[in-house]
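*Asks:* Listed below, chain by chain, are the residues.
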Amino acid sequence: GESVGLHLPTLSVQEGDNSIINCAYSNSASDYFIWYKQESGKGPQFIIDIRSNMDKRQGQRVTVLLNKTVKHLSLQIAATQPGDSAVYFCALIGYSGAGSYQLTFGKGTKLSVIP
Amino acid sequence: ETGVTQSPTHLIKTRGQQVTLRCSSQSGHNTVSWYQQALGQGPQFIFQYYREEENGRGNFPPRFSGLQFPNYSSELNVNALELDDSALYLCASSQDGTGRLDTQYFGPGTRLTVL
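From first to last, the protein sequence lines are chains A and B.
Okay, so the first sequence: first residue is 5 according to our numbering, each after it adds one.
Okay, so the second sequence: first residue is 571 according to our numbering, each after it adds one.
Keep in mind that the hints were calculated from the coordinates and are not lab data.
Virtual Cβ for every residue (Gly too), placed ideally from N, Cα, C.
Honestly, I wouldn't trust all of these hints.
[Stated by the list, open to error] Residues from chain A that face chain B, not an exhaustive set, calculated with beta carbons under 7 Å: (1) Phe93; (2) Gln106; (3) Gly112; (4) Lys114.
[As the list claims (entries may be wrong)] Calculated lysine to any residue pairs in the SDA-like style (CA-CA distance at most 25 Å, straight line): (5) A:Lys46 to B:Arg592; (6) A:Lys72 to B:Asp672; (7) A:Lys111 to B:Gly628; (8) A:Lys46 to B:Asp654; (9) B:Lys583 to B:Ser643; (10) A:Lys75 to A:Asn57; (11) A:Lys46 to B:Gly610; (12) A:Lys111 to B:Asp654; (13) A:Lys46 to A:Lys111; (14) B:Lys583 to A:Ser44; (15) A:Lys111 to B:Phe634; (16) A:Lys46 to B:Gly573; (17) A:Lys111 to A:Arg61; (18) A:Lys46 to B:Tyr675; (19) A:Lys114 to B:Gln611; (20) A:Lys111 to A:Arg55; (21) A:Lys111 to A:Tyr36; (22) A:Lys111 to A:Thr73; (23) A:Lys111 to B:Ala608; (24) A:Lys111 to B:Gln576; (25) A:Lys111 to B:Ser643; (26) A:Lys46 to B:Leu637; (27) A:Lys75 to B:Thr673.
Please build the complete structure, drawing on both the sequences and the hints.
*Replies:* What follows is the structure, encoded as structure tokens:
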């Protein structure tokens, strides 16, 4: 089955610097990966996704990189702001049987932005 | 905001009791997935409902059950509550649960405390 892990549980970044959050996944047939942001007391918020036929995708201030060879996913946040402080989860889609697909989440990385 | 709502926000129960949590999906979405998030962990998939039928289940015992209604809202029921059931319960709605590239959007969650 799939498992998702993160290289660092916490990350502190100076305001204005770029942030990089990493995620490793085990052998899987998953072809869809998502990054979620979760602020304290709230549900996970969709940030950006990437399909396995891509190795890079950009959004507003965020970039996701996918390296299928080493099964590694990263989220880059440009010009990090205090509002970016949150826990970031990578998740992948896996087949859960009966024709349905479930999200498998990593443990999360807590990003703290230093003003 | 995602348009996914959950009630109640917080709930305190005692061991052995039963609880019902509710979720209204985003407009246009016919699939609801439920997740349990323990403190400091990523969400864990409980089950998914698609067009009023259970459509995939994670590693949770039968005392976790659910329903989906014709308007696609959903309930999560937990019987014989245990202390370890204390967690944030999240629901996520999506357009089509049979699609492996189907993005899930989360509600704010219900914080359940079992004493």
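*Asks:* Evaluate each hint against the coordinates.
*Replies:* So, going through the hints one by one against the coordinates:
Because the smallest distance between the Cβ of A:Phe93 and any Cβ of chain B comes to about 5 Å, under 7 Å, the interface hint for this residue holds. With a cut of 7 Å, the hint placing A:Gln106 at the interface with chain B holds, because the nearest CB-to-CB distance is about 4 Å. Proximity of A:Gly112 to chain B holds as hinted, the smallest CB-CB distance being about 6 Å (cut-off 7 Å). Below 7 Å, beta-carbon pairs count as interface contacts, and A:Lys114 has none with chain B, the closest being about 9 Å; its hint is therefore violated.
For the proposed pair A:Lys46 and B:Arg592, the alpha carbon gap of about 16 Å is at most 25 Å, so the pair holds. Taking the CA atoms of A:Lys72 and B:Asp672, the gap is about 20 Å. The hint holds against a cut of 25 Å. Only pairs whose Cα atoms come within 25 Å are accepted, and A:Lys111 paired with B:Gly628 is accepted, the gap being roughly 17 Å. About 21 Å separates the Cα atoms of A:Lys46 and B:Asp654, which keeps this hinted pair within 25 Å; it holds.
Under the criterion of a C-alpha separation no larger than 25 Å, the hint pairing B:Lys583 with B:Ser643 is consistent with the structure, at around 23 Å. Simply put, A:Lys75 and A:Asn57 have alpha-carbon atoms about 13 Å apart, close enough for the 25 Å limit, and the pair holds. Only pairs whose Cα atoms come within 25 Å are accepted, and A:Lys46 paired with B:Gly610 is accepted, the gap being roughly 13 Å. Proximity of A:Lys111 to B:Asp654 is assessed by CA-CA distance (about 18 Å); at most 25 Å being required, the pair is judged to hold.
Of the pairs offered as hints, the one joining A:Lys46 and A:Lys111 holds, with about 16 Å between alpha carbons and a cut-off of 25 Å not exceeded. Restraint check for B:Lys583 and A:Ser44: satisfied, since their Cα atoms lie roughly 23 Å apart, inside the 25 Å limit. Straight-line distance between C-alpha atoms of A:Lys111 and B:Phe634 comes to about 23 Å, which keeps the hinted pair within the 25 Å bound. Proximity of A:Lys46 to B:Gly573 is assessed by CA-CA distance (about 13 Å); at most 25 Å being required, the pair is judged to hold.
Proposed proximity of A:Lys111 and A:Arg61 is supported: the alpha carbons are some 23 Å apart, at most 25 Å. Of the pairs offered as hints, the one joining A:Lys46 and B:Tyr675 holds, with about 12 Å between alpha carbons and a cut-off of 25 Å not exceeded. Of the supplied pair hints, the one linking A:Lys114 and B:Gln611 holds, its CA atoms being roughly 11 Å apart against a limit of 25 Å. Pair hint A:Lys111 plus A:Arg55 holds up; C-alpha atoms about 21 Å apart against a cutoff of 25 Å.
Among the hinted pairs, A:Lys111 with A:Tyr36 is consistent with the structure: their alpha-carbon atoms are about 18 Å apart, no more than 25 Å. About 22 Å separates the Cα atoms of A:Lys111 and A:Thr73, which keeps this hinted pair within 25 Å; it holds. With a C-alpha separation of about 10 Å, the suggested pair A:Lys111 and B:Ala608 falls inside the 25 Å cut-off, and the hint holds. A C-alpha spacing of about 23 Å is found between A:Lys111 and B:Gln576, which places the hinted pair at or below 25 Å, so the restraint holds.
Restraint check for A:Lys111 and B:Ser643: not satisfied, since their Cα atoms lie roughly 28 Å apart, outside the 25 Å limit. Of the supplied pair hints, the one linking A:Lys46 and B:Leu637 holds, its CA atoms being roughly 24 Å apart against a limit of 25 Å. Only pairs whose Cα atoms come within 25 Å are accepted, and A:Lys75 paired with B:Thr673 is accepted, the gap being roughly 21 Å.
This entry does not satisfy hints 4, 25, going by the numbered hints stated previously.
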